[in-house]
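Put the two chains together into one complex; each comes in its own frame, and the hints tell you how they fit.
Top to bottom, those sequences are chains A and B. For the first sequence, the numbering used here gives the first residue as 1, with consecutive numbering after it. For the second sequence, the numbering used here gives the first residue as 1001, with consecutive numbering after it.
The hints are simulated quantities; they were obtained by calculation from the structure and are not laboratory data. C-beta atoms are modelled at their ideal positions from N, C-alpha and C, and glycine is treated no differently. There could be a bad hint or two in this list.
[Said to hold, decoys possible] So the derived list for chain A, only partly shown, Cβ under 7 Å to chain B, looks like this:
hint, residue
1, Gly31
2, Val41
3, Leu104
4, Ser106
5, Gly107
[Stated by the list, open to error] Pair by pair, the computed Cβ-Cβ distance ranges are:
hint, chain 1, residue 1, chain 2, residue 2, range
6, B, Thr1126, A, Pro62, 25 to 33 Å
7, B, Pro1189, A, Gly93, 32 to 40 Å
8, B, Ile1141, A, Gly58, 46 to 54 Å
9, A, Lys65, B, Glu1155, 54 to 62 Å
10, B, Ser1017, A, Lys65, 47 to 55 Å
11, A, Pro62, B, Ser1154, 53 to 61 Å
12, A, Ala40, B, Ile1185, 49 to 57 Å
13, A, Ser106, B, Val1186, 34 to 42 Å
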Amino acid sequence: MRSANISISPEPRRGATTANAAPARCSSMDGASFSCPTLAVMKDGAEITTIEGLATNGELHPLQKAFISHDGFQCGYCTPGQICSAVGLIAEGHAKTADEIRELMSGNVCRCGCYPNIVAAIEEVMQGAPARSRP
Amino acid sequence: MIDFDYVKARDVSDAVSRIAQNPAAKFIAGGTNLIDLMKENVARPTRLIDITGLPLTEIEETDAGGLLIGALVPNSDLAYDARITKRYPLLSSAILAGASAQLRNMASTGGNLLQRTRCLYFYDTTTPCNKREPGSGCSAIDGFNRMNAILGWSEACIAVHPSDMCVALAVLEATVHVERPERAIVRFPSPIFTGFPGTRRTSTPTSPATRSSPRSSCRPRGSRATTAI
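Next comes chain B alone, as it looks inside the complex (with noise of 0.2 Å):
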């Protein structure tokens, strides 16, 4: 059992503030991912900042043409929008082909693009992971690795993205809006990205390129994230 506090935060500032103030405290909405890590002794934070009551569950239209999407919005919810699906179809259809019905009803897209990898060796304390804990060496290199990367790895670390939605995202070329202690809002030119604290709205460009990209997803049927007895 890991000791934690729990804390509500009050609004978005209120919640980067927190977060800034603790490096141990980790945001909370869906838990999801958070959960799991924490249970398998992978994520030890000291306290839980729940961000599920701030204002981040709209998907706005911007000036620009595109949309702005809170990072509360469960990904039920995004995948089924009027708007993706007929403006994003790709982002949609590959939220869809992620895990199940119940994890995306509870999963927000801030925690998607915040979610870690599935490497066996990451959750497997027992073992070096650079992921987990830099420096200490890569076991899956050596190990079971089926489920890692083909192509961008590096010797150091060959997980895979553990998003279908990010990478669905980066394809779209959106960028992620980050909100600093300082009050100012950083975007950053790629979903595809970890360890940044604040809160994050995701926006679309103004004119998707891939309006009607089929793509095509299998996983194993075997993983926990995917399915449950």
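Chain A extracted, bound-state conformation (with noise of 0.2 Å):
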């Protein structure tokens, strides 16, 4: 994420690792990024959008209803930070072939091993058309 419009005065602050207190992970449309190193002083006046953010008027995001479609979640647990990084990875656009979003998206992992149905459901949403079925 590249924060902007930063207004904080150039005197000290007191201030305290308070990270773990954000969700566990925010992404913006210039990228990912995790919350748990971030200090949220360093983010004012930033926009930061986490999985709370990204339906619309209570429309699921595509992301969102994609990993529904392709049941790309069993626990959950994972799915708030998965669609988070994939969103910013479509909007990053480097990723163009399901090894590169297998390689962007590394940095989340899922111990129920959802991992074909997630890049799927990602494919899905980055092509704009339905992933091929895989094996």
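Okay, here's the thing in structure tokens:
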């Protein structure tokens, strides 16, 4: 994420490692980043989108829909991070193939092992067309 | 919890003078390594100097035909820059082999140079570590050390350098430019160094000798620095 319009005066502030209180993942149109090593004070004035902000007027984001239709999760624990990372991946535009999706999503672990379905969901949204069925 | 002051540097000279005034202060940009070290109680800065607003985000052509890379250029921007992928593909592939997409978006070039080793004992403050506390001894030599050095180690430390990017820059014979408090730019002939205060830029050589050097990197997928759930 590239922060912009940070409006903090150049005077000392009392700080603490409070980033743990932030959502599990965050992303913006500029790309995905982790909230856990982020100090909130450094993002003052920045636009941050979390999983809660992806739906518009109750309409799920295309990636949220695709994760549902492709069974891209089982327990759901990692899903907010997977989807936010996928939003960043598509916005950044570096992935063209399923292999590149896998590599650029490698920062997110799914202990249920839903990786093939996650890749299919992302591929579908990225290409704007249904992904090939895979074994 | 660690109490610390936070200040946002106005410009490069402001940042340099602030860090020179306070030996217990640290610069913060991406924060991907420093925040972890603070959470693990390995780093205890009394003040963080936020340098993310400084104009060090560009990759510029030099008169000699090389590139001057700003200290705040994100790792991902550097890896995907067309000039880097064309002229220094080794550097691009080295960066993309490390960490994850999210961390590469956050991590800066200068921070990558200065990140600390991932040796388990460096992070474990209950054990001796010469790198964390000089003179206390090395726990890794007779400890769990499968991720430590095979070549280039000493009796004092067997930690490996943590940066893929840095190793590539060293191979490419990049020079690190450091601005000192007296406003002088000091050039270090190797990007593999630690502990110098100041802001940094990195320049790549004019005629890369390794235009298309294949390289491979492997790493265990258990590290928090690599992967998150």
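Hint-by-hint comparison with the structure:
Hint on Gly31 of chain A holds. Least Cβ distance to chain B is approximately 4 Å, under the 7 Å limit. The beta carbon of Val41 of chain A is positioned within 7 Å of a beta carbon in chain B (closest approach about 6 Å), and the interface hint is therefore held. Checking Leu104 of chain A against chain B: minimum C-beta separation of about 5 Å stays under 7 Å; hint holds. Here the hint on Ser106 of chain A is kept, as its CB sits about 6 Å from the closest CB of chain B, short of 7 Å.
Hint on Gly107 of chain A holds. Least Cβ distance to chain B is approximately 3 Å, under the 7 Å limit. Separation of Thr1126 of chain B from Pro62 of chain A is about 48 Å and departs from the stated range, judged on CB atoms against 25 to 33 Å. Checked against the given bound of 32 to 40 Å, the beta carbons of Pro1189 of chain B and Gly93 of chain A, roughly 37 Å apart, stay inside it. Distance hint check for Ile1141 of chain B and Gly58 of chain A: the Cβ-Cβ separation is about 60 Å, which falls outside the suggested range of 46 to 54 Å.
With their beta carbons about 59 Å apart, Lys65 of chain A and Glu1155 of chain B fall inside the hinted range of 54 to 62 Å. Separation of Ser1017 of chain B from Lys65 of chain A is about 53 Å and conforms to the stated range, judged on CB atoms against 47 to 55 Å. The hinted range of 53 to 61 Å is satisfied by Pro62 of chain A and Ser1154 of chain B, whose Cβ atoms lie roughly 54 Å apart. The beta-carbon spacing between Ala40 of chain A and Ile1185 of chain B, approximately 34 Å, falls outside the hinted interval of 49 to 57 Å.
At about 37 Å, the beta-carbon gap between Ser106 of chain A and Val1186 of chain B stays in the expected band of 34 to 42 Å.
Violated hints, listed in ascending order, are 6, 8 and 12; each of the other numbered hints is respected by the structure.
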